[in-house]
Each structure stands twice: as C-alpha cells, then as structure tokens.
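K.L.:
Protein chains in written order, with this note's numbering: chain X, 111 to 376; chain L, 111 to 376; chain D, 111 to 376; chain A, 111 to 376.
Hint data in this document are derived by calculation from the structure and do not stem from the laboratory. Be a bit skeptical, because a hint or two may be false.
Since the list can't tell identical chains apart, any single copy or any two copies may satisfy a pair.
Cut-off 25 Å, straight-line C-alpha distance, at most; resulting in silico cross-link-like pairs (DSS-like, lysine-lysine) [unchecked claim]:
hint	residue 1	residue 2
1	K190	K179
2	K128	K313
3	K268	K132
4	K362	K310
5	K239	K313
6	K126	K313
Number of protein chains: 4
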Amino acid sequence: MGVISYGDLVLIVYEKRKWLIKVESGKKFQTHLSIIDLDRVVGLPYGSKVNFGVDYLFLKPTLEDIIMKYKRLTQIIYPKDAGYILVKLNITPGMEVLEMGTGSGALTSYIANSLRPTGKVITYDINEKFTTIAKENVKRALLESWIEFRNFDGNLPKAEFDSAFIDLSDPWLYVEKIWSSLKPSSPVGFLLPTVDQLEKLDKSLKETGFWIDETVEIFLRRMVVAEGRTRPSGLMVGHTAYLTFARKSEHKNTNIDTVMNNTHVT
Amino acid sequence: MGVISYGDLVLIVYEKRKWLIKVESGKKFQTHLSIIDLDRVVGLPYGSKVNFGVDYLFLKPTLEDIIMKYKRLTQIIYPKDAGYILVKLNITPGMEVLEMGTGSGALTSYIANSLRPTGKVITYDINEKFTTIAKENVKRALLESWIEFRNFDGNLPKAEFDSAFIDLSDPWLYVEKIWSSLKPSSPVGFLLPTVDQLEKLDKSLKETGFWIDETVEIFLRRMVVAEGRTRPSGLMVGHTAYLTFARKSEHKNTNIDTVMNNTHVT
Amino acid sequence: MGVISYGDLVLIVYEKRKWLIKVESGKKFQTHLSIIDLDRVVGLPYGSKVNFGVDYLFLKPTLEDIIMKYKRLTQIIYPKDAGYILVKLNITPGMEVLEMGTGSGALTSYIANSLRPTGKVITYDINEKFTTIAKENVKRALLESWIEFRNFDGNLPKAEFDSAFIDLSDPWLYVEKIWSSLKPSSPVGFLLPTVDQLEKLDKSLKETGFWIDETVEIFLRRMVVAEGRTRPSGLMVGHTAYLTFARKSEHKNTNIDTVMNNTHVT
Amino acid sequence: MGVISYGDLVLIVYEKRKWLIKVESGKKFQTHLSIIDLDRVVGLPYGSKVNFGVDYLFLKPTLEDIIMKYKRLTQIIYPKDAGYILVKLNITPGMEVLEMGTGSGALTSYIANSLRPTGKVITYDINEKFTTIAKENVKRALLESWIEFRNFDGNLPKAEFDSAFIDLSDPWLYVEKIWSSLKPSSPVGFLLPTVDQLEKLDKSLKETGFWIDETVEIFLRRMVVAEGRTRPSGLMVGHTAYLTFARKSEHKNTNIDTVMNNTHVT
Numbered sequence: 111m112g113v114i115s116y117g118d119l120v121l122i123v124y125e126k127r128k129w130l131i132k133v134e135s136g137k138k139f140q141t142h143l144s145i146i147d148l149d150r151v152v153g154l155p156y157g158s159k160v161n162f163g164v165d166y167l168f169l170k171p172t173l174e175d176i177i178m179k180y181k182r183l184t185q186i187i188y189p190k191d192a193g194y195i196l197v198k199l200n201i202t203p204g205m206e207v208l209e210m211g212t213g214s215g216a217l218t219s220y221i222a223n224s225l226r227p228t229g230k231v232i233t234y235d236i237n238e239k240f241t242t243i244a245k246e247n248v249k250r251a252l253l254e255s256w257i258e259f260r261n262f263d264g265n266l267p268k269a270e271f272d273s274a275f276i277d278l279s280d281p282w283l284y285v286e287k288i289w290s291s292l293k294p295s296s297p298v299g300f301l302l303p304t305v306d307q308l309e310k311l312d313k314s315l316k317e318t319g320f321w322i323d324e325t326v327e328i329f330l331r332r333m334v335v336a337e338g339r340t341r342p343s344g345l346m347v348g349h350t351a352y353l354t355f356a357r358k359s360e361h362k363n364t365n366i367d368t369v370m371n372n373t374h375v376t
Numbered sequence: 111m112g113v114i115s116y117g118d119l120v121l122i123v124y125e126k127r128k129w130l131i132k133v134e135s136g137k138k139f140q141t142h143l144s145i146i147d148l149d150r151v152v153g154l155p156y157g158s159k160v161n162f163g164v165d166y167l168f169l170k171p172t173l174e175d176i177i178m179k180y181k182r183l184t185q186i187i188y189p190k191d192a193g194y195i196l197v198k199l200n201i202t203p204g205m206e207v208l209e210m211g212t213g214s215g216a217l218t219s220y221i222a223n224s225l226r227p228t229g230k231v232i233t234y235d236i237n238e239k240f241t242t243i244a245k246e247n248v249k250r251a252l253l254e255s256w257i258e259f260r261n262f263d264g265n266l267p268k269a270e271f272d273s274a275f276i277d278l279s280d281p282w283l284y285v286e287k288i289w290s291s292l293k294p295s296s297p298v299g300f301l302l303p304t305v306d307q308l309e310k311l312d313k314s315l316k317e318t319g320f321w322i323d324e325t326v327e328i329f330l331r332r333m334v335v336a337e338g339r340t341r342p343s344g345l346m347v348g349h350t351a352y353l354t355f356a357r358k359s360e361h362k363n364t365n366i367d368t369v370m371n372n373t374h375v376t
Numbered sequence: 111m112g113v114i115s116y117g118d119l120v121l122i123v124y125e126k127r128k129w130l131i132k133v134e135s136g137k138k139f140q141t142h143l144s145i146i147d148l149d150r151v152v153g154l155p156y157g158s159k160v161n162f163g164v165d166y167l168f169l170k171p172t173l174e175d176i177i178m179k180y181k182r183l184t185q186i187i188y189p190k191d192a193g194y195i196l197v198k199l200n201i202t203p204g205m206e207v208l209e210m211g212t213g214s215g216a217l218t219s220y221i222a223n224s225l226r227p228t229g230k231v232i233t234y235d236i237n238e239k240f241t242t243i244a245k246e247n248v249k250r251a252l253l254e255s256w257i258e259f260r261n262f263d264g265n266l267p268k269a270e271f272d273s274a275f276i277d278l279s280d281p282w283l284y285v286e287k288i289w290s291s292l293k294p295s296s297p298v299g300f301l302l303p304t305v306d307q308l309e310k311l312d313k314s315l316k317e318t319g320f321w322i323d324e325t326v327e328i329f330l331r332r333m334v335v336a337e338g339r340t341r342p343s344g345l346m347v348g349h350t351a352y353l354t355f356a357r358k359s360e361h362k363n364t365n366i367d368t369v370m371n372n373t374h375v376t
Numbered sequence: 111m112g113v114i115s116y117g118d119l120v121l122i123v124y125e126k127r128k129w130l131i132k133v134e135s136g137k138k139f140q141t142h143l144s145i146i147d148l149d150r151v152v153g154l155p156y157g158s159k160v161n162f163g164v165d166y167l168f169l170k171p172t173l174e175d176i177i178m179k180y181k182r183l184t185q186i187i188y189p190k191d192a193g194y195i196l197v198k199l200n201i202t203p204g205m206e207v208l209e210m211g212t213g214s215g216a217l218t219s220y221i222a223n224s225l226r227p228t229g230k231v232i233t234y235d236i237n238e239k240f241t242t243i244a245k246e247n248v249k250r251a252l253l254e255s256w257i258e259f260r261n262f263d264g265n266l267p268k269a270e271f272d273s274a275f276i277d278l279s280d281p282w283l284y285v286e287k288i289w290s291s292l293k294p295s296s297p298v299g300f301l302l303p304t305v306d307q308l309e310k311l312d313k314s315l316k317e318t319g320f321w322i323d324e325t326v327e328i329f330l331r332r333m334v335v336a337e338g339r340t341r342p343s344g345l346m347v348g349h350t351a352y353l354t355f356a357r358k359s360e361h362k363n364t365n366i367d368t369v370m371n372n373t374h375v376t
C-alpha cells in the first residue's frame, strides 16, 4: 500500500497537465513531451517524482481525479456541485440512495464512495447507452459493489430510500413517485439548468407534500497565487445548473395511501 | 425508526424558521408564535405536520441541520465550503484524517460522518475552550466515536494520515510537520481568509515538497422561486474564505529523513 | 469655486459614515458623535478636515453622493447598473433620451448629467407621487434644466429619441410605442428583476423589430484592503435586476406605417 | 442624419457576429457567409436589414461598438468597468480629466465622450507605441478634439484636474504628483489587477492625504434568454481588475506647499 503496483490507476502530473493511466507491464505512455516507461515506476511510493526527459509526478488518484477523466456523453457534475449535494442529501455510510438520471455515473460515484461499506445507490436511467458507459466508469473507480443500475420502467420501490437525487429534464413528472419511494422526512435534490424548470418543479413539490428547503447556484473561482502577484483567474464557469433541495413531508392529498397515514394523530 | 422518540433531536420548521430541539418528556417549547407540546409529537413519523396554533413541520435533522445549530465561538464552516472539502480531500469510509484547528467542530463532524464506520478524525486545537465546545457539539451529532480530540503540543505523528485539513491563521509554520504526518501522495486542504496568507502558504508548500492543486473561492447564491416571479436572492455572502488544496509529493530537501527516501530509485 | 459656500451641498465624512448637508447660515448639524457648526466651515476649500470633537472631512459631493441620498419610495438604481446603462445606451452630450418609469429620478439624473449642456431626458411616470419626489431630488442635484417630467397618458412622440431606458414591470405592453418613438438604430435598455419578465420582453422585442444585443446581470463586490490582511468583503448584494439591451431595427410587420418604410430599398 | 453615408462607420450584424466597417465607394466586404456590396446600403436608414445571400443588419455604431473594435496592444477596459468609472469619477461635461496610462485609448474615449463639448482629457503614456495606436483609435471615434496626448516626463500640472484615472502598474510612485495635480476634493480612480498592488496603493494614498472611498471588483454574467429555457450563460469572465476610488483631501504633511494651505483655518 502506498506503492505503485501493476493494475493501479496512477495520476501523472506535469505542471498543470494531468493524465490518468493504468499501470501495466511493458506499457509505455507518450505525453506531448516525452515517453514514460511505466515499468520503471512500479514499486515507487505514490507521490514520487521521476524524470523521463522532464520530471513527472506520480500521484495516487483521488476519486475526483478518476471521475474527471470518466468517459462521458453529456456534461458531468462538477465537484463544486457534487460536494454540496453530498452535504444537503445527508449522505452517510449505510444509506440507501435513489438516483434518477445515471448519466456518466459521476454523482453516482461520489455518493457510492460516501455510503460504503454497507449502503447502496440505486440508479435509474432510461438510456442504456448511458448505463453502459456509467458501468464502465464506476468499475474503474472500484465502486461497482455499492451501485445497482436499473432501467427505469416507470416504477420505483416504496418507502425505501434515505435520500434521492434527480437529474432529469422533467422531474415534475416523477415527483409523486419520488415522494412514495422515500422514507419519511428524507432529503431529495434536483439538478436543473433553466429557471422555467425550477418553477415547474417548485409547483409540483408543493402540490405533492415536500418541504422546500432551498434553490441555489454555486460558483467557483480559482485564484492565481504567486508571490506579490496574486489575483483571481481571468476565466470562470458562469453556470452549470441550479440545485433545488427538499424533504419529504406529509402528502397534500390526505386520502392517498401513504406510508404515513396510519400513524398520524389528529 | 422513522418515528419521533424521546431523546431524539427534531427539526421544527415554520415557513423559513427552524428550531433544533431535543424531545424530552414533559417538555414544552415556545416559538414566537405559540407553544409546542413535545409529548404530543412523540410516536409520529418524521415529516409530520402538527398544529399548535399554526402548522409546524417535524423533520428528522440532517447532519447539516445539527451543525448549523452548533454552539460556536468563531465562524463555522459553511456547507458550500464543507462539501467541496469532502470531495477534494477524497474523504472515504475508513480513512484516518488529520484536522488542525478544531474550532467548533463543524468540519470535524462533516469529515467524521463521511469516514465511518472504521475511520477516524484526529483533531488538534491549542485552545481548550474550543475543544470543550466542539466535544459537546459532536456528541449532539452522535459522532464522538469517530473523533479524537488532541491538544496540540507541537508534535504530529509520522506518516499516519490519508488526508488533512488545516484551519489555522499561520499554517506555513506547520507545513513541514504536516508533510511528515501524511502518507505519500495524500491530499491536504487549507482554509485562509486573506490573500497574504495564500501567498505565504503557497511559498512554504512549494519549498517543502507539496504539489499544489488549486486555490479556489466558492460562492453560493439562493434563488427565490415563485411561479412567474423567480429571481436571485437580493442578499448573498460575499466571502467566507479561500481554500487551497495540495498533495504530498517528494520533499525538496532530499537529505531529510522522510518516509519516502528508502524506496526512491534514481 | 472649490470653497465651501452658503447654499452648497457638502458631504461630511467620518470614517465610513457619510452625511449630505446643505450649508446654511447659523445651521448646526448633529452626528452621533458631536455637533458640527456649519458656519465654521464656510470659506474652507473642499477636502478640508475640521475638528468638531472628532475630525470630519468636508467633501464636494459627486453626483453619486447626491443620488445615493435621494428621497425614495422604491429601490433606486445602483451605480454598478447605472454606469453600465450609460455606456450601453451610448449617452452623449446633446442627446434626447426617453425614460419610462421615473421612480425617484436616480437614473434620470445620471443620464441628464451625461447629456448636458444641450440634451434632454424626457421622463414618464404614471404615479404622480414618484414625479413629485423625483422633481425635488433632481433639483437638489441642479439637473432640472435637462429633465422634462411628463405624466404618461399612453402616448409617446414619434421618432424623436436617440436612446431610451425603460423601468416598468410590464414593458412588453409598450414595446410597439417605444419602437415608434426611437430614431432608427437607437439603443434601448430595460431593467427587470425576474426571469419571467425577461422572457416576455424578449418575445415582444423579437416580434416588433428590435435587434437584441444582450441580457446581463452585474455583481459588485467590495474588497477590504489592509496591509497583509486584504480580503473580499463578507457581504454583498446578491441581485438588483437584470438588464436587457436592444436596438431599433426594421419593424417585423412591413405594412406598418413606420419612419423607415419610405426610404427602404428592396 | 440617420441615413448610411460614405465615410460612415457602420456596424454590420449577423446573429451574434458583428463587423465594424467604414463605408467607401466601390468597397466590398466579405464575411464568412457572403459578400456585402457597401454601395448598395448607402442612403438606407440605419437599422435596415439588407439581404446579401443572408440578411444583414446595418446599425449605427455606439461608442462601445467602436471601442470594442479598437486596435490594441494590451487588454482594453471592459464596459462593465468603464461605466462604473464614469459614475465614480463624476465625469460631467466641461471637466478637465487626467488619465495616466493611455493604453489603447478605450477609457480615454469613454471619458472624452462624456465631458464634451467643453471638457478635455489629458492622457499620459510613457510608451509611444501606445500613444500612436490610441491616437488612431480615438480619431476613428471622432473624439480627438477632446483628448490631449502627452508623453509623461515625470511632471504633471498643479491643481488643474477635476478628476483622474490611473492605469499604471506602480501607481504608488505617482500618488504625490497626482495629489498635487488635482483640484481639492476631486475623485481619482485606479485600475489594478493584483491584490499586492491594492495594498501598496492603499498605503500610499493614506500617507499622502487621500480619503479612500472603496475598492471593488465588478462581475458581469450574460443570460441566455429563450422562452421556457432561460438560464445564465455557461461562460463568464472571472476577473479583469480591481478598481480603487479615492478623493483628494488635505495632505498629511502640513508643511507641504499645497494648494490648500493658505485657506485652511484652525
């Protein structure tokens, strides 16, 4: 442990460039600067600097490093948003978490990593292309044991989940089902790029019986730090998406057959 | 489980107001609107709405809910920053994490929650007042089993930690010790309010042998969502702190007796 | 000139506190700290520091200083937005500018100041209370000669204005009239707090024959500058309003009796 | 007036692309889409749409349109910053304004436009290359009558200016001279990209006798407006520069031979 071995993923760093490479016997990796002979780094501790024409750094990749190199068909979730989601959804080891909209499996992976060793993410997508790529991705991150991929056929289990995250373009269509699938009081989050979606979701959450916590937008700006010349970075991402968070409360329609209605006193 | 019981913390919500209350026999809690008889909610499922003059919602608090009500002598870390730190520090169940600057124990708690059931946060502070309050706080969040409080006497263990977070006003004084206390390639984060601190830290990280990943600032803006009238909130927090992230690499001074130097090939 | 005289407005400054006071014979002004005898500062150059228990600074107010102290019934425009509007509307001495929505006369004043000595702002409001207050305000700023206040009766003059700014809650109702009142190619700006308004305006601008330049949001964050401790301010305004800018192009309905249609070749 | 004529600058627009072209007899202009025969648009009103394969819009350029197409050797000032500077410097027709750091003449032009017909910008640069280009630029904007270009030889006139803007990398070296060149109480602004510069400037302003109003940073984010799909733009500029504003007060060194010292009562 702590030593680069065959089969490992290694993050090779040169200045601001990063490459995520699987170490295999006899493998050579070519950057724009030189050729790296991977056999030569096996046995070295992670964090070592090795010269192949220029000095490369060989780091043990974090989950973020691996996710940022995921194969993707769509925009993946940014760390600035993923971190906030983990906090707001109260992700804790042992939880069962619902995800609708697997995408490339980026958020799936962040959540899976945070609920092991006994929890599970149940993630749904209707697009099998996404599921195929996401499965490959999470395997690379060694997280497949805590993720169950399902094809969405219109049904969700009842009162099973401790938390949920929904990354769909029309989540208001599923708010009833999501409500039913959550354990009482559980948090749920939604990712939505446009304002119109926020309004539609807000309306359906209120009608169904969710307590709406907040809708936020998160910005991240990098600083260029240099002695006597520190300043903010000239470029930044202007917008990824809005995030809405809510919690399951009582259903508005009190005649509905809910998981709560037997225990409710008047 | 899922039912409000004596001894539980419950989050009582009325519109945008929230109160975190421990449910105890015979206890009555007075808001600005009415008196809540806590005995009457025992046995109800979390998420229930109960009328005590007005309708109150009784939610199961998330870790964030509990932390936001921590006793504090200083500013506690915001969720926008805490979430990003969890991602960047690669916090994973089972890890041993170093924290310098316990403060009120807010970040300590977020980290502890994310590394259970087998990991541990070792948190140092030189101010015993902080430690006393932090201990009380984390007990409230039921996280004391994964946190070890230590008084900082100038020493840190060697090569023990998988990750570290440093919230001190002069972290550059400790960069050598932090370097030694981390396992090779481990990530470390720093919270710093001013630009001058960023520059001093940057210099000491470079001199010691850290790879500097990034320095960022995170903004969060709430949206006021209402059908046909959605707009951003008129107020926002302008600045909490800058966050610098780095990873342990080889020590610059190759004569130093490091945990790496025996295994390094040339 | 350059010397404090009876009848002048003077900006009195103590640390971060500012008061805008008219200098009158025998007048005394009381701050939370002491009493200022205004007779004693008459004849001093602007910029003087005079001790009345504590040192006060006596500045010649800028237009912004005066506007920020305007009487107001609603939120006045912020300098961050006003400055951008001046640039985008191409405000130049000599122009005739239309304003719909006088409000407290803040933007009216910024524009009037920038088009003198020969230009004019024609400003409309339907609420006479606003007009009364705005008239008082602009008189204080000595700008009344370049402003004409009108009550809006549903009509605007034809092809008269070089530029226009519209601060109404339902500007899409007036887009036809605004189009007709502008000289060909003239810029127009709109201030709108909500996203729904942006969409409605956008639609009506496109239908009428405006070229839409951009919709923007402007943020301003103050820095706390102090040797070795510089950092961004902890508080900032999250949102004032969105600004949409467009230019008069050809009318979509080519049968309309426009100011252009005689000269247009095919 | 209002009709496209030979010798005019015209802004040709196709969707989000813009070209600034001088209309000359026989001139043809080629875009990536087609060839525009400029003779054919002469005599048309500004704002006309003319088909040359695709529909182009022919707008009368605003000052901003012209400035954004200035030749430049360095980054020019952005409209978001320029507008705020106009407000903070109290630029008013008739003023005499000092500029140090002509650059490409962008801010020079915004200021010149706002102080005509009787005012003047006196702008200094030490680099003659900049001055040459700036002269060409302001001629294009027809603003040369209100701008005087000077080579900076270390001297500034005394007590002459109503306002000043300084865009130099080491403005603290000139704060004494700037102080002397301003009329009492006049505002001055500084553009500085880094935090270290802010601190050095702040110190020298305090030592010399300026009242420091504020240091700010301005952000602009565009909105993508579309019915039912409105959202913020995915990209934004992260940082252009900080702006510091101050006003001339009494000199700290009361023995100095200042423009104030004869009139000051004690």
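K.L.:
Tell me the hint numbers this structure goes against, listed in increasing order.
P.N.:
Failing hints, ascending: 3, 5.
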